[in-house]
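A.B. asks: Sequential numbering of the sequence shown, starting at 1, is according to my numbering.
Hints in this document: simulated from the structure, not taken from any laboratory.
Every residue, glycine too, gets a C-beta built ideally from N, C-alpha and C.
Hints should not be assumed to be uniformly reliable.
Lysine-lysine pairs mimicking DSS-like chemistry, simulated, CA-CA at most 27 Å apart [stated by the list, open to error]:
1) Lys103 - Lys146
2) Lys17 - Lys146
3) Lys137 - Lys55
4) Lys103 - Lys32
5) Lys32 - Lys17
6) Lys146 - Lys55
7) Lys27 - Lys103
8) Lys55 - Lys21
9) Lys55 - Lys17
10) Lys137 - Lys103
11) Lys137 - Lys21
12) Lys146 - Lys27
Distance ranges between label pairs, derived from CB positions [stated by the list, open to error]:
13) Leu13 - Lys146: 42 to 50 Å
14) Ala64 - Asp130: 13 to 21 Å
15) Ala33 - Asp108: 27 to 35 Å
16) Thr16 - Gly56: 15 to 23 Å
17) Trp79 - Thr16: 15 to 23 Å
18) Ala33 - Lys103: 19 to 27 Å
19) Gly50 - Ser153: 15 to 23 Å
20) Leu35 - Pro99: 15 to 23 Å
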Amino acid sequence: MNPTIEFHLPLPLASTKALAKGFLLLKSDFSKAGLRLQATSGCSGFQHSGSWKFKGRGPLPPSAAIEPITWSVSTQRLWLPHVRGVEGSFYAIAPFSVPVDEKVSRGDFGIHFDANVPGSAGCIVIPLQDHWDVFRKWAADLAHQKIQQVPLSVTYTSPLISKQAV
1 MNPTIEFHLP LPLASTKALA KGFLLLKSDF SKAGLRLQAT SGCSGFQHSG
51 SWKFKGRGPL PPSAAIEPIT WSVSTQRLWL PHVRGVEGSF YAIAPFSVPV
101 DEKVSRGDFG IHFDANVPGS AGCIVIPLQD HWDVFRKWAA DLAHQKIQQV
151 PLSVTYTSPL ISKQAV
C-alpha cells in the first residue's frame, strides 16, 4: 500500500474576495482512484498567484516552490481544542518550516476542520463536516496499519477564463 494525498486549488492571477475552493484527493494506492474532499488553504483576498509567500494569510506553498523539499502529512492526530480555527483534531504537515524566498519562511501547517472564519492562515482546511469525518477515518485507518506519514503533493492552477470574458 502506497497512500498519497494530492491538494488541488485554482488560484486566480489577481486577488479576489471570493474564497477559492479546491479539493484533497486521498489515494490508498498509486494505481487506484481516490476520495475527493472539498478543501481550501489561505484567506480570501490572499489566494492568488504567488500569495503563498504571505505569512499567516496565503495558502500552503506549492510543491514546486519548495523543491527539493517534499511535503508529508502525519496520520497521528494532535488534539488542539483551544487553538482558534482548529478547535479539535490537527494532522501536522512536515517539514515544520520551509523557505519561500531569501527572506521569508513559512510553517506550522496542518490539515484540520475549518472551525472558524472560512479559510486558513496557510493550513489545508476541510469545510464540510462529512468530508472531515472521511479524512479522519482515512488517517486513522492508515495509522492502525503503522503508516505514520503520507506524501502530500500541492498543486495550484489558474482558473480558465472564457473567451467572452476577454
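A.B. asks: Look at each hint and say if it fits the structure.
C.D. replies: Here is what the structure says about each hint:
Proposed proximity of Lys103 and Lys146 is contradicted: the alpha carbons are some 38 Å apart, above 27 Å. Distance restraint check for Lys17 and Lys146: the Cα-Cα separation of roughly 42 Å exceeds the 27 Å cut-off, and the hinted pair is therefore not satisfied. Proposed proximity of Lys137 and Lys55 is contradicted: the alpha carbons are some 30 Å apart, above 27 Å. Distance check on the hinted pair: Lys103 and Lys32 sit about 40 Å apart at the alpha-carbon level, beyond 27 Å; violated.
Between Lys32 and Lys17 the alpha-carbon distance is near 36 Å, which puts this suggested pair outside the 27 Å criterion. Pair hint Lys146 plus Lys55 does not hold up; C-alpha atoms about 33 Å apart against a cutoff of 27 Å. Between Lys27 and Lys103, the direct Cα distance comes to roughly 35 Å. Violation of the 27 Å bound is thereby established for this hinted pair. Only pairs whose Cα atoms come within 27 Å are accepted, and Lys55 paired with Lys21 is accepted, the gap being roughly 20 Å.
A distance of roughly 18 Å separates the Cα atoms of Lys55 and Lys17; the hinted pair therefore holds under the 27 Å criterion. Note on Lys137 and Lys103: the hinted pairing is violated, with a Cα-Cα distance of about 38 Å set against a maximum of 27 Å. Taking the CA atoms of Lys137 and Lys21, the gap is near 22 Å; set against the 27 Å cutoff, the hint holds. For the hint pairing Lys146 with Lys27, the CA-to-CA distance comes to about 17 Å; that is within 27 Å, so the pair holds.
A C-beta distance of roughly 43 Å is found between Leu13 and Lys146, which places it inside the suggested range of 42 to 50 Å. At roughly 31 Å, the beta-carbon separation of Ala64 and Asp130 lies outside the given 13 to 21 Å, and the hint is violated. Between Ala33 and Asp108 the beta carbons are some 32 Å apart, a value that agrees with the proposed interval 27 to 35 Å. A C-beta distance of roughly 19 Å is found between Thr16 and Gly56, which places it inside the suggested range of 15 to 23 Å.
The supplied range of 15 to 23 Å is broken by Trp79 and Thr16, whose beta-carbon atoms lie about 35 Å from each other. At about 41 Å, the beta-carbon gap between Ala33 and Lys103 misses the expected band of 19 to 27 Å. Restraint check, Gly50 to Ser153: a C-beta distance of roughly 19 Å satisfies the suggested window 15 to 23 Å. About 32 Å separates the C-beta atoms of Leu35 and Pro99, a value inconsistent with the hinted range of 15 to 23 Å.
The structure shown violates the earlier hints numbered 1, 2, 3, 4, 5, 6, 7, 10, 14, 17, 18, 20.
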